[in-house]
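> Sequence:
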Amino acid sequence: MMNKVVLAILKILDKEKVPIGSREIAKRLKFYGIELSERAVRYHLKILDERGYTEPSGKQGRIITEKGKKELYNALVLENPSFIISKIETFSYLTTLNLETLEGDVILNVSFFPERDYLKAFKIMKPVFRSPYVMSDRVIIRKGGEYIGDICVPKGKIGIATVCSITINGILLKAGIPIISKFGGLAEVVNKELMRFVSLISYEGSSLDPHDVFIRSRMTEVINAVKKGNGKILASFREIPIVCMEKVKQLSDELTKKNIKGILAIGEPNKTLLGIQPSVERAGLVIAGGLNPIAALEEAGIPTENNALATICPFSYLKPFDEIGL
Numbered sequence: 001m002m003n004k005v006v007l008a009i010l011k012i013l014d015k016e017k018v019p020i021g022s023r024e025i026a027k028r029l030k031f032y033g034i035e036l037s038e039r040a041v042r043y044h045l046k047i048l049d050e051r052g053y054t055e056p057s058g059k060q061g062r063i064i065t066e067k068g069k070k071e072l073y074n075a076l077v078l079e080n081p082s083f084i085i086s087k088i089e090t091f092s093y094l095t096t097l098n099l100e101t102l103e104g105d106v107i108l109n110v111s112f113f114p115e116r117d118y119l120k121a122f123k124i125m126k127p128v129f130r131s132p133y134v135m136s137d138r139v140i141i142r143k144g145g146e147y148i149g150d151i152c153v154p155k156g157k158i159g160i161a162t163v164c165s166i167t168i169n170g171i172l173l174k175a176g177i178p179i180i181s182k183f184g185g186l187a188e189v190v191n192k193e194l195m196r197f198v199s200l201i202s203y204e205g206s207s208l209d210p211h212d213v214f215i216r217s218r219m220t221e222v223i224n225a226v227k228k229g230n231g232k233i234l235a236s237f238r239e240i241p242i243v244c245m246e247k248v249k250q251l252s253d254e255l256t257k258k259n260i261k262g263i264l265a266i267g268e269p270n271k272t273l274l275g276i277q278p279s280v281e282r283a284g285l286v287i288a289g290g291l292n293p294i295a296a297l298e299e300a301g302i303p304t305e306n307n308a309l310a311t312i313c314p315f316s317y318l319k320p321f322d323e324i325g326l
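Under our numbering, the first residue of the sequence shown is numbered 1, with each subsequent residue one higher.
Everything labelled a hint here was simulated from the structure, so no lab data went into it.
All values reported here derive from a predicted model rather than from experimental measurement.
This list has only true hints and no planted wrong ones.
Below, a list of computed lysine-lysine pairs in the DSSO-like style, where the Cα atoms sit at most 30 angstroms apart:
1. K11 to K319
2. K70 to K11
3. K192 to K257
4. K11 to K46
5. K87 to K258
6. K261 to K247
7. K123 to K261
8. K126 to K258
9. K87 to K257
10. K227 to K126
11. K155 to K30
12. K87 to K249
13. K59 to K15
14. K249 to K126
15. K27 to K46
16. K192 to K123
17. K258 to K228
18. K258 to K227
Simulated restraints, written as ranges between beta carbons of each label pair:
19. D253 to G229: 19 to 27 angstroms
20. G176 to G145: 38 to 46 angstroms
21. V18 to V280: 45 to 53 angstroms
22. E193 to K143: 36 to 44 angstroms
23. K228 to T96: 32 to 40 angstroms
24. K319 to N224: 22 to 30 angstroms
Note that the Cβ used here is the ideal one computed from N, Cα and C, for glycine as well.
Model the full structure from these sequences, guided by the hints.
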């Protein structure tokens, strides 16, 4: 079983994609609540080298090996099942978007796809970003070797950052509204109307992002939902106290005016919403999945690598998808 420090170092190296040194690793460990000197970091890196999980890369620092990636994946599966929910809570707190000025930080998902597929990918995603099934039409797009937040895009890839649905949690939290993330799922669309959830994965019991699981399993039908009005989209189910409903409706209207879509449906107190019964004294919320444009790429045969809840970034850095040059 990996200890907390070793696991955090491997997470940092896996996320970075390029070699980094002990000084930078020590800085990033603070995000995980770990205070280590550069010397202590070098000690742990030496152990990881000996195990074959990392290897030196010139003077730049260390990179994670394939063996290290496999070990990290296995460790995450066995880690505390509240891993995703803990990350949700952390990033919700870090969201600082001001709805009046549209200044402040939002949460981003970061995905990669082959650079050779850029034109095809752009055409596939365009109608999805114009649909109701995204958090926002604003994105960041970078080439290999460039950065999105603190994440480096691998060579030969295009990186695209989309607004993560957990940003809604952060906005409500800042407004004093407690919100509980219950499920990530697939919602069925019939004649352009949301009908019901057909698949659900609980955030509380998952160490992996539910929506990435559905994308990998090729269970989505986002392209059909957008073009024909019938399909299956990524969505999540949240709960709010019924005493907060009017405030949530006001915020939803305000978000829509600012072209931040996100909230697809608000339920009635103690009543089912898309087939899901909320807890007592609560109402349900259905939120669009931030990875729906990426799900469309997978449906079209374009391979992707996804990092949900990847980083935070000033909202002003994002541009409308339609303004991105080909």
